[in-house]
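Produce the entire structure from the sequences given, and follow the hints as far as they go.
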Amino acid sequence: MLIFVLSFSNSDIYLASRTLYGLAKDGQAPKLFTRTTKHGVPYAAVIASSLFIGLAFLNTSQSASVVFGYFVSLTTVLGAVNWANVLLSYFNFLHGIRAQGLSRANLPWRGMLQPYGAYYSAVITLLVIISNGWEAFVPKFDGIKFAVAYCGVAVWIINILGFKYWSQTQYVAPRAMDLQSNVLTVAELNAEDAADPKVKLSFFGRTKAFLWGE
1 MLIFVLSFSN SDIYLASRTL YGLAKDGQAP KLFTRTTKHG VPYAAVIASS
51 LFIGLAFLNT SQSASVVFGY FVSLTTVLGA VNWANVLLSY FNFLHGIRAQ
101 GLSRANLPWR GMLQPYGAYY SAVITLLVII SNGWEAFVPK FDGIKFAVAY
151 CGVAVWIINI LGFKYWSQTQ YVAPRAMDLQ SNVLTVAELN AEDAADPKVK
201 LSFFGRTKAF LWGE
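For the sequence shown, full-length UniProt numbering assigns the number 1 to the initial residue and increments by one for each residue that follows.
Derived from the structure by calculation, the hints contain no laboratory data. Careful, some of the hints might be misleading.
[Said to hold, decoys possible] Taking CB as the label site, the calculated pair distances span:
no.: 1; residue 1: Y120; residue 2: C151; range: 23 to 31 angstroms
no.: 2; residue 1: R98; residue 2: G27; range: 25 to 33 angstroms
no.: 3; residue 1: P139; residue 2: A173; range: 44 to 52 angstroms
no.: 4; residue 1: F163; residue 2: T75; range: 38 to 46 angstroms
No residue lacks a Cβ here, since even glycine has one placed at the ideal position from N, Cα and C.
Rendered as structure tokens:
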């Protein structure tokens, strides 16, 4: 268990710190987090990501099972919020191609069940976010459970509004979206496929290509 926890913590700190570093490089997080050592380690982002380790000390005042329940609830809503971001991006893209009179048939890659699959996913995601904290209301209201269950939503909204205020960016109207620059058309994609030499694959090779691509 200790090896598992150490391995999981190490990988999570790595992912969180590099994500924060990438956001800072793109101007979407404070520039402080772009600072690195002479070996290229983003130490400021690593320190910020490691601060969440302090949550483990919740075990000193609550039982391990209760704390584990808090973490499960928190990760559930944060995962759902992440998918909500993906869906919002897709819906905005969909509004953009409709407003500009573009056809999904001309897109090089299309989901078989779209856009209806996205609508279904949006309903399920919304239900997960809303119902995630139902235990906070029964048998009586529990403020701690409510905060844990829904604080991810509050953080999400605050981050969006805070970034908008900080960067002074404006919402891009569907008709103003740039959906033409550097777009790979179906014809170009087919031409690239035709130019690639066809190599006969073994059964293992075909299975690998089917699962992970060539």
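Tested hints:
1. Taking 23 to 31 angstroms as the suggested C-beta distance range, the pair Y120 and C151 conforms, at roughly 27 angstroms.
2. Taking the beta carbon of each, R98 and G27 are about 30 angstroms apart, inside 25 to 33 angstroms as hinted.
3. For P139 and A173, the hinted distance range of 44 to 52 angstroms is satisfied, since their beta carbons lie about 48 angstroms from each other.
4. In this structure, F163 and T75 break the distance hint of 38 to 46 angstroms, their C-beta atoms being roughly 23 angstroms apart.
In the structure shown, a violation is registered for the earlier hint numbered 4 alone.
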